[in-house]
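Number of protein chains: 4
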Amino acid sequence: MSATPNQVLRQAGQRTTEVPLGHGVRIGGSGFVVLAGPCALEGQEQVERTAAAVHHAGAHVLRGGAFKPRTSPYSFQGLGEPGLKLLKDAGHRLRLPVVSEVMDAQQLPVMLDYVDVLQIGARNMQNFSLLRAVAKAGRPVVLKRGFGCTLEEWLLAAEYLLDGGQPNVVLCERGIRSFDNTLRNTLDLAGVAWMKERSHLPVIVDPSHSTGQRSLVTPMALAAAAAGADGLMVEVHPTPEAALCDGPQALTPTLFEGLMQALAPVLAAVGRPLFGQELRRAVGGAR
Amino acid sequence: MSATPNQVLRQAGQRTTEVPLGHGVRIGGSGFVVLAGPCALEGQEQVERTAAAVHHAGAHVLRGGAFKPRTSPYSFQGLGEPGLKLLKDAGHRLRLPVVSEVMDAQQLPVMLDYVDVLQIGARNMQNFSLLRAVAKAGRPVVLKRGFGCTLEEWLLAAEYLLDGGQPNVVLCERGIRSFDNTLRNTLDLAGVAWMKERSHLPVIVDPSHSTGQRSLVTPMALAAAAAGADGLMVEVHPTPEAALCDGPQALTPTLFEGLMQALAPVLAAVGRPLFGQELRRAVGGAR
Amino acid sequence: MSATPNQVLRQAGQRTTEVPLGHGVRIGGSGFVVLAGPCALEGQEQVERTAAAVHHAGAHVLRGGAFKPRTSPYSFQGLGEPGLKLLKDAGHRLRLPVVSEVMDAQQLPVMLDYVDVLQIGARNMQNFSLLRAVAKAGRPVVLKRGFGCTLEEWLLAAEYLLDGGQPNVVLCERGIRSFDNTLRNTLDLAGVAWMKERSHLPVIVDPSHSTGQRSLVTPMALAAAAAGADGLMVEVHPTPEAALCDGPQALTPTLFEGLMQALAPVLAAVGRPLFGQELRRAVGGAR
Amino acid sequence: MSATPNQVLRQAGQRTTEVPLGHGVRIGGSGFVVLAGPCALEGQEQVERTAAAVHHAGAHVLRGGAFKPRTSPYSFQGLGEPGLKLLKDAGHRLRLPVVSEVMDAQQLPVMLDYVDVLQIGARNMQNFSLLRAVAKAGRPVVLKRGFGCTLEEWLLAAEYLLDGGQPNVVLCERGIRSFDNTLRNTLDLAGVAWMKERSHLPVIVDPSHSTGQRSLVTPMALAAAAAGADGLMVEVHPTPEAALCDGPQALTPTLFEGLMQALAPVLAAVGRPLFGQELRRAVGGAR
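Chains as they are written, first to last, in my numbering: chain A, 1205 to 1491; chain B, 1205 to 1491; chain C, 1205 to 1491; chain D, 1205 to 1491.
Don't read these hints as lab results, they were simulated from the structure.
These numbers come from a predicted model, not from an experiment.
Warning: the hint list may mix true and false statements.
Straight-line alpha carbon distances no greater than 30 Å define the calculated DSS-like cross-link-like pairs of lysine-lysine that follow [said to hold, decoys possible]:
1) A:Lys1289 x A:Lys1340
2) D:Lys1340 x B:Lys1340
3) A:Lys1340 x A:Lys1292
4) C:Lys1289 x A:Lys1292
5) C:Lys1340 x C:Lys1292
6) B:Lys1340 x B:Lys1292
7) D:Lys1289 x B:Lys1289
8) D:Lys1292 x B:Lys1289
9) C:Lys1289 x A:Lys1340
10) A:Lys1289 x C:Lys1340
11) B:Lys1289 x B:Lys1340
12) C:Lys1340 x C:Lys1289
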């Protein structure tokens, strides 16, 4: 067997893989899926307010970090298991599947008690030991692209997951590094379109980490939808100015609601409904 | 006076500058403007067929290079003045303004005989002598972003033009370099959204050079429209496989027509008509 | 405590930390230290021939990978523990300390049975769980710079190790990614000089991975020495054309001997002996 | 003829081209050549003091900018012709050839009255009109690498000069852009070593612009010498804190003298004398 990817590649005529995320939510079909929530889980009130807000605005999956990979050992490192419990409880109440980042194999047992979907973060995209362990954990995976990694390396990281036994993988573009540091990262939307051609896996876009700037999140969310992405992962915080992590890029609930309203017509323009609205449309309903 | 830009910056509440491109076409208002044509002008048949096709599909401005900045001295360097004449004739017949790249100040007299809009290419974005000379030439300018230049440097290059006396400047994002060379360049759409906030100048996107791959041109064109760009610059060639320059990224007339058809609903979704359709809409017409 | 580094920073007048690597070898003092060996441990003959050759040429530490972080799941993944045993045996016979990469915390117990120094690879520089676990393992660490990571992030990764309890950290520059992919990576020697100013930790250079091209290894090794690096990590293979990993950048034993001979006068020019030759010099001996 | 370089490529066994720079100074042979002077020519006293200092310390060529390509139109743009006159006078008195940057073809007549060597700056490396004009001007050329350009593009820019009739071209590496903006640019010394293999043209290194930081200039100068560069271009200013351009990277005369003293033994270690010392060595003299 050569060192090139094969299980992740789209064969001629092959449809995008539909990945079940829990509570009936599926990504990769015609429905566009929105994952939203705070960067870091901080406490009960923050989690519940955010969950209620994103659910109300139409998000399909609740995200939130309990184990945070922080550049500095002196930055807030996350609530750990208590955070996961808050996340699960909020998701359970609202019937939203939940996703959270796993940083190492030892965290897997506790993660599996709480989350529907495992996220592998950008800094761990080439942590091959983690990829192998997560592949055996039996849960769908959101695999973020490393900010210093090529499209081909991203494909091969996904190949580790498929080869290890986990077919349900969602790729998430979150920006790469370039010489221009005006924004936090350079969002590679052409890479998303390229990936949609090359792989049968669903691809989503994170307009929050990639730009690092609140006012650019909605334009990039709309651009991602127009470019053919299968979904979005968006950071929302009830009081961004008080966030313990990445406040400048978090949307308020109001701004997130605006994003969702702006998104619907763009999706309609490219022939895709929001997930869950295919049926309503089919039976003549409207959101 | 400090070394920071000021004339190009958007003041609070300031509207985007409307730049007249000729034959009544204006960019920067609500109407979205499409510039299209071949990378290089190659001969009468090629120019006329392309011009007819892009006009038929709804493009507003005809583009084509007569003086080509080529990496190798042994590559096709462009037809020169005879190419400009073909471009002008084709534009005249179809009542389309024409744009072409000027590589140095000595070319300006001949350029001014033929073109409505002067383009400064990516490799010359920081050719400050050229910027000063073009600023005095009295024609609107399309200023491409250098593939190795920051957003701030791009702003300051435009400042040279405004400070030199030319207020009618259109910024064109055409991709930057990053470590990932899977595609020709990395299209920086978040940079476009950032620039729209920061400057009152219109910003367009070139999805052809930035991706270098035909199949990605339409997805990136739609993404640019969704992100808030004021227009597009697209390469079209009647027989891309025979093009003397950049064939792999050129759309056929048929593909370009598909792009224009896909574009209309995305523009509608973000509340912008194609240029020239505001009126028809206002009087009850439809395209 | 702020999120900025502090334990890794060089205070005014502070000397470079001397890190003991085993068998009496110390790095960070006046003596320049050379770590050499194969990219991947492949079998007994390969390990023993390489070890004998690098020892003969004057290397101080034997390196070799048993657990290989490979971009593709279908590439050779390393011999695992049997490889470590070969490495330890070869080092023991020649009285050379040995260094090998640890990819995850679960490998630590077996690693500790065999190696004197733990290496954290470029892809794991921001695997913070691994950094914390390695910090508690009680062995000196070589911390490679991530190819997509800034100098400041590299400092903060080292801070995780010092903050976690391991003061003996050696930083290893191995090239970063840039838009120019002519060579495998872009070796950042100015970053090495910057780091020597900013941190009290010893800094070494890997001219093999950074260039990916055999003929450039010696020039970059000499440049590193002239720039003020404290040592080198060099890949050597008895038959590079048959190597299971990274053959094109491996030196043959003969070429490595040439590197060591060329290195001595450059080190003398910047006032540093090879490690182990300070004493001989002091007592009037010569190599 | 294909679009690949040929006149600049080193044929098997071909020696490096020796480029005459004026006043008997030649670069590309065994002698290492140092070009030094201020970033911008500012006035008589500054030019004369700098010239005397760099001559005293052993530099071979005097550099200084009269036409400055500045990112902002509001930054100091250079003294123009009066600056060139100061440069020529200072060089004439000390019998040092002088080099200065030409920004466009219209400046050539005045430049030719004053300078021995024409410099093409990083921002104009792909200003092909300028390359063609300079190729016909009959003077040796220093061609700086564009900070966003690949090694292959640099080769092809030099090919424009040779193909246009000027065989005496010196390549100057001055740093490229990467995601890490800690330093001004990323100095690509491995690219220098690669270029020495690939081309027969002499290659020099600018440790001033590449690092942007005074304290790193000498380490990078030594590294360049060890890596096989044919010379250096270094910025020196009598009072860097008062410099009108790039003060933070300028060496004082004292620091420059230190650089030259540190350079000699490194050059000796790689078997190269400073230019002009070959003969003294040959007749038994020492500097």
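Right, here's what the structure says about each hint:
| no. | hint | result |
| --- | --- | --- |
| 1 | A:Lys1289 x A:Lys1340 | 23 Å, holds |
| 2 | D:Lys1340 x B:Lys1340 | 27 Å, holds |
| 3 | A:Lys1340 x A:Lys1292 | 22 Å, holds |
| 4 | C:Lys1289 x A:Lys1292 | 46 Å, violated |
| 5 | C:Lys1340 x C:Lys1292 | 22 Å, holds |
| 6 | B:Lys1340 x B:Lys1292 | 22 Å, holds |
| 7 | D:Lys1289 x B:Lys1289 | 44 Å, violated |
| 8 | D:Lys1292 x B:Lys1289 | 46 Å, violated |
| 9 | C:Lys1289 x A:Lys1340 | 29 Å, holds |
| 10 | A:Lys1289 x C:Lys1340 | 29 Å, holds |
| 11 | B:Lys1289 x B:Lys1340 | 23 Å, holds |
| 12 | C:Lys1340 x C:Lys1289 | 23 Å, holds |
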